[in-house]
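Residue numbers (my numbering), protein chains in the order written: chain A, 5 to 356; chain B, 5 to 356.
Hints were generated in silico from the structure; no laboratory data involved. As the structure is a computational prediction, the values presented were derived from the model and not from experiment. Worth double-checking, as some hints may not be accurate.
As the list makes no split between identical chains, a pair holds if one copy fits it or if it spans any two.
Unchecked claim - Below, simulated DSSO-like cross-link-like pairs (lysine-lysine); rule was C-alpha separation at most 30 Å, straight line: (1) Lys164 / Lys100; (2) Lys230 / Lys164; (3) Lys289 / Lys230.
There are 2 protein chains.
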Amino acid sequence: MTATTDHLFLRACRRQPVERTPVWMMRQAGRYLPSYREVRSRSSFLEMCRTPALACEVTLQPIDQLGFDAAILFSDILITLPAMGLEVAFPEAGPKIQAPVRTAAGIDALVVPDPEQEVGYVMEAVRQIRRALQNRVPLIGFAGAPFTMATYAVEGGGSKDYPHTKALLFGDPASAHRLLDKLARTCAVYLEAQVAAGAQAVQIFDSWAGILSPRDFREYALRHTKTVISMLRASPTFRDGGVPIIYFVNGCAPYLADYADSGADVLGVDWRIDIGTVRRGVGDKVALQGNLDPGVLYASPEEIRARVFEVLRQAGPVGHIFNLGHGVTPATNPEHVRAMVAAVHEYRHDGK
Amino acid sequence: MTATTDHLFLRACRRQPVERTPVWMMRQAGRYLPSYREVRSRSSFLEMCRTPALACEVTLQPIDQLGFDAAILFSDILITLPAMGLEVAFPEAGPKIQAPVRTAAGIDALVVPDPEQEVGYVMEAVRQIRRALQNRVPLIGFAGAPFTMATYAVEGGGSKDYPHTKALLFGDPASAHRLLDKLARTCAVYLEAQVAAGAQAVQIFDSWAGILSPRDFREYALRHTKTVISMLRASPTFRDGGVPIIYFVNGCAPYLADYADSGADVLGVDWRIDIGTVRRGVGDKVALQGNLDPGVLYASPEEIRARVFEVLRQAGPVGHIFNLGHGVTPATNPEHVRAMVAAVHEYRHDGK
Numbered sequence: 005m006t007a008t009t010d011h012l013f014l015r016a017c018r019r020q021p022v023e024r025t026p027v028w029m030m031r032q033a034g035r036y037l038p039s040y041r042e043v044r045s046r047s048s049f050l051e052m053c054r055t056p057a058l059a060c061e062v063t064l065q066p067i068d069q070l071g072f073d074a075a076i077l078f079s080d081i082l083i084t085l086p087a088m089g090l091e092v093a094f095p096e097a098g099p100k101i102q103a104p105v106r107t108a109a110g111i112d113a114l115v116v117p118d119p120e121q122e123v124g125y126v127m128e129a130v131r132q133i134r135r136a137l138q139n140r141v142p143l144i145g146f147a148g149a150p151f152t153m154a155t156y157a158v159e160g161g162g163s164k165d166y167p168h169t170k171a172l173l174f175g176d177p178a179s180a181h182r183l184l185d186k187l188a189r190t191c192a193v194y195l196e197a198q199v200a201a202g203a204q205a206v207q208i209f210d211s212w213a214g215i216l217s218p219r220d221f222r223e224y225a226l227r228h229t230k231t232v233i234s235m236l237r238a239s240p241t242f243r244d245g246g247v248p249i250i251y252f253v254n255g256c257a258p259y260l261a262d263y264a265d266s267g268a269d270v271l272g273v274d275w276r277i278d279i280g281t282v283r284r285g286v287g288d289k290v291a292l293q294g295n296l297d298p299g300v301l302y303a304s305p306e307e308i309r310a311r312v313f314e315v316l317r318q319a320g321p322v323g324h325i326f327n328l329g330h331g332v333t334p335a336t337n338p339e340h341v342r343a344m345v346a347a348v349h350e351y352r353h354d355g356k
Numbered sequence: 005m006t007a008t009t010d011h012l013f014l015r016a017c018r019r020q021p022v023e024r025t026p027v028w029m030m031r032q033a034g035r036y037l038p039s040y041r042e043v044r045s046r047s048s049f050l051e052m053c054r055t056p057a058l059a060c061e062v063t064l065q066p067i068d069q070l071g072f073d074a075a076i077l078f079s080d081i082l083i084t085l086p087a088m089g090l091e092v093a094f095p096e097a098g099p100k101i102q103a104p105v106r107t108a109a110g111i112d113a114l115v116v117p118d119p120e121q122e123v124g125y126v127m128e129a130v131r132q133i134r135r136a137l138q139n140r141v142p143l144i145g146f147a148g149a150p151f152t153m154a155t156y157a158v159e160g161g162g163s164k165d166y167p168h169t170k171a172l173l174f175g176d177p178a179s180a181h182r183l184l185d186k187l188a189r190t191c192a193v194y195l196e197a198q199v200a201a202g203a204q205a206v207q208i209f210d211s212w213a214g215i216l217s218p219r220d221f222r223e224y225a226l227r228h229t230k231t232v233i234s235m236l237r238a239s240p241t242f243r244d245g246g247v248p249i250i251y252f253v254n255g256c257a258p259y260l261a262d263y264a265d266s267g268a269d270v271l272g273v274d275w276r277i278d279i280g281t282v283r284r285g286v287g288d289k290v291a292l293q294g295n296l297d298p299g300v301l302y303a304s305p306e307e308i309r310a311r312v313f314e315v316l317r318q319a320g321p322v323g324h325i326f327n328l329g330h331g332v333t334p335a336t337n338p339e340h341v342r343a344m345v346a347a348v349h350e351y352r353h354d355g356k
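When you get a sec, could you build the whole thing from the sequences and use the hints?
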């Protein structure tokens, strides 16, 4: 237990002193790694998510190969949707919900699933990963935030303009809130189950909250994420484990004041805003995670190093977890990721 | 000439007093209008762009039917690419550049076209539209900003992560700047030709500049838009006509201080930030245009009215042109657009 709470990553989440800034990377267990593509060539994406041994294998690959300071469960934010009543397919072009939910009746028919019963393979993967990691680095669990889950449930997949989602939000706000509330309760019990199985931190991904105006962000995204966080804070599993909660809004620049007020311990910061600006905007009560443009990994190792140093300098020594500002892209050269990790590990805040 | 400069829209662009706030809408000549779909059912999108009578017909439809205070040329930002050396197709799924440019040699082979020679049908459309409008409302011309044009030229179409664009920017910045400079010069001569043909204001669309970090926005987007604006300001056609320049960055929230410094007369504001926040951020030296979430047009006419009033209240009486924060979506009910226009025309800033 002491070893666990002493992990660099967990200390940074709690804004405790660290000898250097920890680093992990969104989608670090992913297609940019040849060893991941090798596993993927033998199994479908869904099989990988549903087979704990495979999920465990790919979760550990970036830890073993690239030396990140935290592991993140290999899974998908949509993995809980079938158990709620929405079948999902994962073709190459992106996830597809076969019968998206767009009516009050459809929303009322959705259920809040029992995670161990319905997606127990995720918790089994968490247990296997914890054993395999042997406490080298902590394991982060995750789930989709209510609003982002709603965009998939309603739109049926990714979208450019989110017409069905916005038609629901603005045309029938009461039904929208009922849907978001079910997604919030699902998110909370699911994250609680992951922590009970051994996850040492959790990240709530709000990948699409950035399509909202500030008032709608407060009403349709933040409000329901706050419900999730309140439910987690009320859970002994969370409270007693001191499990940090990370909230990541992709495109957070317009919402800084509200974002700081989410109740999360750590705020994920995308690359479109300077992390120094976010620090000044949200104050010192939360830790920050981010925020190198994933596209910078296409640059030379020298340029990567300079850009990594710039992020570290802006973020400062306390309460910062280095990460990309969004997921690593499949076309990224793993050697360039290695250069990024090396630069974070090299940097020292005391004038280097 | 006096009648022209007295248009509400042009006065608002110049921050002169207006009796009420003018309104137009991005993509107002578009698929949400049955009369547009009727024309489109007989001609391809490209035929419509290349046939002045058809471009004129659909440009006037929203003026005649919905009472907007400005017309905007029906065309496409990519219309100049073939003349530069990049063939474009416009299938339903979105534009496709057949052979995207990704090498220094490819960039060097591109030419800055003579607009009247190569895309003279656009200028002919401008002339026909001006005649047909009979000075009822002013006509806005437009072009794609250098950075946004570069994303299409390099990526070959729309993208999620823009891997090729970022590989060029970060892997070969010198070539990226050569490409952006050619696109800037093309943009400037093209807008100058539109103004010479009769356009009374111009908008530079930077739809994808919002994918950049603040430093890269300055270096790869703003810097080259400033070149365009400097070239236009140096042109007697612009100077003597007092033609306002509108710069629209979709996702402008992270860049406010730099955005204000673009040299444009009017800044377009997307819906993800409160327009009051933008006003406080950029000060009083520029006019603002925006910024209702296009998705709000799915709400009831009562809710639309309330949201329109909120934007007008935040933006204030001076130097504001009401618009959506992005293009109207095809699924929008024209009656809801009518409710929006009516609400703008109804509102009075002196306590209503």
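Provide an ascending list of the numbers of those earlier hints which the structure does not satisfy. none
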